[in-house]
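Chemist: For the record, the sequence lines run as chains A, B, C and D.
So the first sequence is numbered by full-length UniProt numbering: it starts at 1 and just counts up by one.
So the second sequence is numbered by full-length UniProt numbering: it starts at 1 and just counts up by one.
So the third sequence is numbered by full-length UniProt numbering: it starts at 1 and just counts up by one.
So the fourth sequence is numbered by full-length UniProt numbering: it starts at 1 and just counts up by one.
It should be emphasised that the hints constitute simulated quantities derived from the structure, not laboratory data.
It should be emphasised that the depicted structure is a prediction, and the values quoted were computed from it without experimental measurement.
Careful, some of the hints might be misleading.
Just so you know, same-sequence chains aren't split out, so a pair can sit in one copy or run between any two.
[As the list claims (entries may be wrong)] Once the Cα atoms are required to be at most 30 Å apart in a straight line, the calculated BS3-like pairs of lysine-lysine come out as:
#1 368 / 318
#2 406 / 335
#3 165 / 21
#4 233 / 406
#5 233 / 335
#6 318 / 335
#7 335 / 368
#8 318 / 228
4 protein chains.
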Amino acid sequence: MAKPKVCLAYSGGLDTSVILKWLIEQGYDVVAFMADVGQNEDFGAAEKKALAIGAVKFVVEDLKREFVEELCFRAIQCNAIFEDQYLLGTSLARPVIARAQMRVAQQNECIAVSHGCTGKGNDQVRFELAFYAIQPTIKVIAPWRLPEFFERFAGRNDLLDYSAKVGIPVTSTKAKPWSMDENLAHCSYEAGILEDPNITPPADMWKLTDSPLDAPNTPEEFTLSFEKGIPSKLVTSSGQTVTGSLDIFTTLNAVGRKHGIGRVDIVENRFIGIKSRGCYDSPAMTILRAAHVDLEGLVLDREVRSLRDQFVTFTWSKLLYNGLYFSPEREFIEKSVVASQDTVNGTVRLCAYKGAVSVLGRFSETEKLYSAEESSMDTLTDFSPVDTTGFIGISKIRLAKYGQAKADAGESLSRA
Amino acid sequence: MAKPKVCLAYSGGLDTSVILKWLIEQGYDVVAFMADVGQNEDFGAAEKKALAIGAVKFVVEDLKREFVEELCFRAIQCNAIFEDQYLLGTSLARPVIARAQMRVAQQNECIAVSHGCTGKGNDQVRFELAFYAIQPTIKVIAPWRLPEFFERFAGRNDLLDYSAKVGIPVTSTKAKPWSMDENLAHCSYEAGILEDPNITPPADMWKLTDSPLDAPNTPEEFTLSFEKGIPSKLVTSSGQTVTGSLDIFTTLNAVGRKHGIGRVDIVENRFIGIKSRGCYDSPAMTILRAAHVDLEGLVLDREVRSLRDQFVTFTWSKLLYNGLYFSPEREFIEKSVVASQDTVNGTVRLCAYKGAVSVLGRFSETEKLYSAEESSMDTLTDFSPVDTTGFIGISKIRLAKYGQAKADAGESLSRA
Amino acid sequence: MAKPKVCLAYSGGLDTSVILKWLIEQGYDVVAFMADVGQNEDFGAAEKKALAIGAVKFVVEDLKREFVEELCFRAIQCNAIFEDQYLLGTSLARPVIARAQMRVAQQNECIAVSHGCTGKGNDQVRFELAFYAIQPTIKVIAPWRLPEFFERFAGRNDLLDYSAKVGIPVTSTKAKPWSMDENLAHCSYEAGILEDPNITPPADMWKLTDSPLDAPNTPEEFTLSFEKGIPSKLVTSSGQTVTGSLDIFTTLNAVGRKHGIGRVDIVENRFIGIKSRGCYDSPAMTILRAAHVDLEGLVLDREVRSLRDQFVTFTWSKLLYNGLYFSPEREFIEKSVVASQDTVNGTVRLCAYKGAVSVLGRFSETEKLYSAEESSMDTLTDFSPVDTTGFIGISKIRLAKYGQAKADAGESLSRA
Amino acid sequence: MAKPKVCLAYSGGLDTSVILKWLIEQGYDVVAFMADVGQNEDFGAAEKKALAIGAVKFVVEDLKREFVEELCFRAIQCNAIFEDQYLLGTSLARPVIARAQMRVAQQNECIAVSHGCTGKGNDQVRFELAFYAIQPTIKVIAPWRLPEFFERFAGRNDLLDYSAKVGIPVTSTKAKPWSMDENLAHCSYEAGILEDPNITPPADMWKLTDSPLDAPNTPEEFTLSFEKGIPSKLVTSSGQTVTGSLDIFTTLNAVGRKHGIGRVDIVENRFIGIKSRGCYDSPAMTILRAAHVDLEGLVLDREVRSLRDQFVTFTWSKLLYNGLYFSPEREFIEKSVVASQDTVNGTVRLCAYKGAVSVLGRFSETEKLYSAEESSMDTLTDFSPVDTTGFIGISKIRLAKYGQAKADAGESLSRA
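Could you build all of it, start to finish, from the sequences and the hints given here?
Modeler: So, in structure tokens, the structure goes:
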């Protein structure tokens with residue numbers, strides 16, 4: 001009789017290599033799955049290793065385009081940000097990875113999926129909620145939450161000993177004193193020495209950005225255009241025109257890397273209720289968000305922006321962070337993201353310099369909400385200043401009542 | 001019989017000098033009022049000029065401390081920001097200025113107050129809503145909205161001609177091609193050449209910050225401490241300890257100026273519904289906000305932060321921008337600002353460099369929400385990974401229903 | 001030369017008859033416009049009167065279907081309600097009336113539109129914001145806000161004297177001591193004796209509902225079905241099946257009238273900042289909303305409902321009340337209304353009795369979110385109670401921290 | 001050596017009697033705890049039974065006053081309601097019960113607490129989150145989630161067999177085909193035959209309300225007064241004045257019972273993600289909420305009400321439903337509840353009749369936000385109608401832009 005098959009999210013590293021072997025020990029045939037979301041990775045070496053350990057199959061899927069177009073650009077459209085600072089790089093990648101893993105699982109008739117996420121993190125939640133939404137009947141094997149696994153492999157040495165015993169090749173490179181996760185949108189750094197939130201990250205930690213201290217002394221100017229809130233064209237400092245979602249994204253990553261743009265270092269609140277310190281460098285996302293926020297100032301109606309900011313941006317960001325991409329509420333709220341972007345058409349001129357991106361100017365050839373003449377203090381075309389008197393006269397009715405009540409109560413509002 | 005008295009917000013400039021004279025022509029005795037909110041100003045010269053034009057009295061009030069403590073620090077406590085970018089420098093100053101002007105008006109038995117704000121801007125609204133709330137019966141004279149005034153003084157030349165005719169001294173300095181408003185929190189720049197949102201502001205425009213391009217090549221490190229969300233101590237790069245609200249604020253302004261921190265250039269949505277381009281440099285506010293946001297990550301409960309971000313920060317910022325400081329809703333919402341800050345105690349280590357401020361680390365001696373051990377992926381003290389399985393098992397119930405309904409409808413969630 | 005034309009919203013009553021004549025006096029040709037939104041009205045008599053006074057044309061438009069389908073049913077889809085109680089009957093009618101009036105104005109080449117709304121109410125705002133959005137260049141003549149009009153006609157007697165003088169026929173029926181506005185959705189009552197909020201409305205005031213005291217002693221049962229949140233079928237107590245939006249609506253109005261359903265009496269907050277007392281009877285709307293709210297319990301996802309309730313229902317209702325139907329934010333938010341209703345398919349069994357409607361049961365043949373077996377306390381199919389332990393174990397992490405901090409501070413949470 | 005002690009929430013019924021015995025079997029000394037939250041209960045019989053089964057101690061605590069004052073009246077102050085309909089009766093009782101149980105546990109040196117809640121419901125979550133917040137180190141024994149218990153007692157017959165075997169007295173009264181939970185605020189009904197959401201609850205199910213069909217044919221009028229949003233005085237139809245929180249509450253329960261007020265029947269969304277059908281009758285709470293909502297119309301500022309409705313009412317209700325009373329976010333948001341109620345002083349005249357309560361009128365002797373003269377359409381004191389023209393003129397600026405953009409795009413807003 002055929003063994004049951006499991007599709008394992010394989011990274012090529014120590015943990016998932018041990019898990020791969022352990023799953024085989026448990027009686028499974030293992031399909032090793034890797035997602036290419038733009039990380040710097042030797043997929044060939046990983047394939048070789050997985051098959052050497054005993055995987056019945058190795059599958060790598062190139063998800064870069066769907067990652068950028070379906071997730072990263074949606075995030076840009078709604079100015080997504082979590083707890084004021086985090087651009088959600090990891091959170092954005094999880095849905096496309098989980099979806100691809102489930103596709104591979106289904107194509108290979110796996111009865112289960114597995115991953116190497118730890119039991120305290122966000123990623124286990126993000127992956128598994130996605131798995132269950134995509135296929136409610138799927139079996140999920142999360143070894144780091146199974147006592148028979150986590151008690152057996154209580155520390156790194158246990159993993160190394162086991163690897164030696166079962167013949168898993170271990171790279172000689174010393175492990176970094178923190179853990180990382182990289183994709184096109186960012187690289188994340190957490191755990192290890194970073195667990196003390198007062199330790200400044202070492203200079204050589206950041207993978208996707210050069211240090212602002214080493215950035216060029218000359219600012220670099222470029223322009224970005226958007227159509228319905230989606231980045232559509234980049235003109236670089238050398239005058240090159242870049243179109244195509246992936247090309248724009250990777251070119252901006254290069255610009256951001258060079259100028260050290262997009263580093264953040266925060267203490268965040270994981271979905272499971274634990275505070276955690278995370279560092280992230282997100283060059284392209286940081287530039288794109290700055291440009292998009294700026295353009296909306298020019299072309300988006302005030303009240304649409306206000307509603308979008310308070311409800312849609314906030315909610316979409318939180319849902320993504322908490323792993324709720326495959327949910328009715330994300331589907332619901334995302335329709336509002338798209339609905340808000342009809343008028344977000346225009347171009348922003350930007351400048352990268354020493355760790356920051358700034359806006360030099362912006363214009364739109366199609367949208368007319370901004371009118372220099374109208375906003376000018378010097379002209380009164382189509383505007384009666386007397387109207388403002390009425391506007392204030394009406395707006396004050398409620399406030400005068402409030403002031404009168406305060407005065408009646410002896411609490412003068414004129415006191416400092 | 002005594003003439004009726006009006007208290008005029010006087011700036012010493014061309015517009016309010018003409019207004020002063022014009023009010024006298026209309027039969028008023030004029031009390032010229034100036035607020036010292038930290039702007040760079042020759043109050044002595046302004047007094048001399050006001051009295052020369054015919055003011056019956058000149059009053060200047062030092063509002064710097066109440067401005068910083070009641071408004072700027074409250075803004076920092078709630079991470080106030082308008083439309084993602086503007087730290088509200090002007091909006092924060094208006095309530096203290098209006099309140100002081102009303103005090104002066106009341107002390108001098110004025111039956112009216114007057115100002116030189118234009119008819120299309122936010123400031124007229126902010127001032128007048130404050131006036132009416134503080135004293136519902138006050139008469140407000142807004143010459144730039146009175147046809148008999150704005151038709152007579154249709155351009156700058158009319159003001160100059162009138163000044164020459166009635167003997168108002170005019171400074172020979174050429175007017176800048178934009179208008180400015182300065183206080184401790186920021187300097188704002190708008191109108192004139194800035195009305196084209198695609199014109200990059202000239203390098204010599206910025207008053208409170210040096211250019212990031214001219215900033216020191218060496219980063220400057222310092223630490224900021226907060227008590228209940230209020231800045232309480234600054235230790236500078238030279239090891240000097242600064243306490244006292246005003247001293248902390250001005251020292252940070254100096255640090256920020258030197259490193260070019262806090263410039264923004266945006267198109268914003270005025271209360272009266274017109275889009276307008278504004279540039280602002282806010283060195284101390286930018287540094288304080290970055291530090292406060294960071295510290296909250298360490299010490300504020302996730303859900304309190306979430307509610308505060310979505311409702312309190314958003315609402316307080318919008319109210320202040322729209323001139324609704326003296327309103328029941330601002331009083332109501334501000335109690336939540338204060339209520340959220342009990343645990344915001346700790347210290348942030350910061351670094352200023354070439355236009356940006358970044359966080360190097362943070363700690364709190366009193367708050368324990370963050371626990372390195374608890375967040376560590378390597379330890380399981382007080383944590384059962386099996387719980388997470390249950391957490392996911394319950395959290396997925398709704399999502400599996402959603403996925404099943406999608407599958408039943410033939411819309412597989414596994415498709416890209 | 002042809003006179004300029006104005007399109008007047010004509011009601012046949014005293015005020016708009018005087019306005020009609022006055023507009024003619026001002027040199028206009030007047031097109032008298034009446035909207036049929038289901039009010040009890042003798043349109044023929046009104047036409048005769050308008051033409052007798054001097055209107056160059058009389059136009060009545062039947063807007064009942066678009067009123068019910070585009071406005072009332074949209075309100076039902078989002079459970080619209082203002083300040084907890086008001087079902088927005090008047091607010092819902094204004095957009096269709098204003099739109100039709102503008103159509104008539106445009107078809108008749110009018111350069112202006114006019115109406116008889118008073119200067120303190122909501123309706124002037126609702127009409128005029130609609131006019132300006134539909135045609136930004138339109139001229140609006142609001143006589144009750146023009147000093148030359150309101151000073152001339154300072155009281156009802158002035159209107160009667162003028163009518164007598166210029167030959168406007170006045171009906172001999174005595175005016176009610178309150179004002180009313182009726183349409184298919186409701187009748188509103190305000191002003192006059194109702195201005196004392198402690199006066200109970202007289203029994204003979206209510207036009208669309210019989211008194212609950214006079215309602216039948218026998219409950220009347222019926223069922224309502226919805227498709228995507230839109231009422232699609234009514235089966236009456238006599239077993240008659242009613243389909244068609246207008247038929248369902250008017251049948252429910254008849255049921256509600258008979259049983260005295262849908263009366264409210266509130267003090268509300270007008271857009272211009274004045275509190276006002278209003279009474280409304282809305283039989284069909286009350287029944288429809290109760291049924292729709294109930295059905296959503298059965299078929300709508302929890303989080304979609306929660307987001308919809310807090311943001312969409314609240315915002316849409318407020319926008320409609322304030323006259324912002326023709327606005328980018330209403331268009332934006334309404335897409336969310338529709339997006340939330342895909343699964344709102346099913347049937348509700350209802351009972352009308354003595355002033356109230358109650359729910360007897362509900363079911364859906366297509367939606368499966370509710371599962372009797374799953375919710376049953378007695379079965380454990382597809383459910384592991386141990387998961388709940390994990391769910392609580394994770395959910396408590398944050399709370400235990402909170403409790404510990406309280407305990408450390410000596411504030412035991414166990415004290416009452 | 002002394003046995004470890006556990007404090008069991010004891011009800012006197014079959015389940016918790018079996019649990020009591022089972023805990024003793026597991027080696028515990030059991031302190032049986034009962035909370036008196038106003039339910040109809042023979043506490044003496046329960047004590048006798050608990051001790052007979054083997055409890056080392058029986059404790060009953062009268063929590064009625066703290067339940068009404070700390071929870072029910074707070075709910076009234078914020079118009080608390082869950083999913084449009086549920087007045088939270090059970091949710092409100094859980095915090096006071098859990099707190100008292102923990103007090104008893106601590107006073108009796110128990111190392112654990114236990115309860116008889118099932119594994120799919122809300123109450124287990126509400127109790128346990130409270131337990132853990134109050135004492136993070138407490139051990140919780142939830143037998144219905146322990147496989148060794150729920151597998152042993154898989155059905156009611158197992159419980160009965162065990163009871164017979166170990167000598168637990170079983171009342172001969174036949175179990176109702178649904179489960180109930182009663183307190184002063186309401187009685188809840190769920191499970192059993194109610195699990196089919198299309199089954200109308202039987203007439204004899206409702207415990208706290210007579211059927212509206214049997215209610216008196218004569219309406220009963222009474223008045224309720226509030227101080228800072230707290231019910232302070234009731235004048236009954238017979239002219240009796242009732243003060244004191246508990247007396248007001250129980251008197252209103254009697255009025256509501258007689259007239260059949262406060263029944264709801266809904267499908268709701270449990271915290272754990274399962275939909276569930278619940279019926280509730282809440283006479284006093286329904287009357288109090290109706291009166292409080294009405295009074296706020298008269299005395300609460302529009303914007304304070306709007307913010308309170310959207311954020312505070314919504315959030316507080318959801319937190320209570322989900323068992324998050326002892327949480328930082330509830331403490332945070334509740335400060336806003338209190339802050340909103342300063343002006344909620346006044347009296348509401350009410351009428352109970354055939355299942356509904358309606359408002360006859362309202363007044364306040366201290367609050368002046370409502371002004372009959374000001375709201376009157378007939379007077380122009382302190383009001384310039386011309387101001388409204390300006391108000392509309394400014395408010396339309398944004399909308400005219402929107403309309404123009406639509407027109408430019410060929411999408412006329414005047415089309416139906």
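Chemist: Compare the structure with each hint and give your call.
Modeler: Each hint, compared with the structure:
{"no.": "1", "hint": "368 / 318", "in the structure": "between (33 Å within a copy, 24 Å between copies)"}
{"no.": "2", "hint": "406 / 335", "in the structure": "between (45 Å within a copy, 17 Å between copies)"}
{"no.": "3", "hint": "165 / 21", "in the structure": "within (11 Å within a copy, 51 Å between copies)"}
{"no.": "4", "hint": "233 / 406", "in the structure": "between (56 Å within a copy, 26 Å between copies)"}
{"no.": "5", "hint": "233 / 335", "in the structure": "both (24 Å within a copy, 29 Å between copies)"}
{"no.": "6", "hint": "318 / 335", "in the structure": "both (16 Å within a copy, 21 Å between copies)"}
{"no.": "7", "hint": "335 / 368", "in the structure": "both (24 Å within a copy, 23 Å between copies)"}
{"no.": "8", "hint": "318 / 228", "in the structure": "both (23 Å within a copy, 26 Å between copies)"}
Checked against the numbered hints above, the structure breaks none of them.
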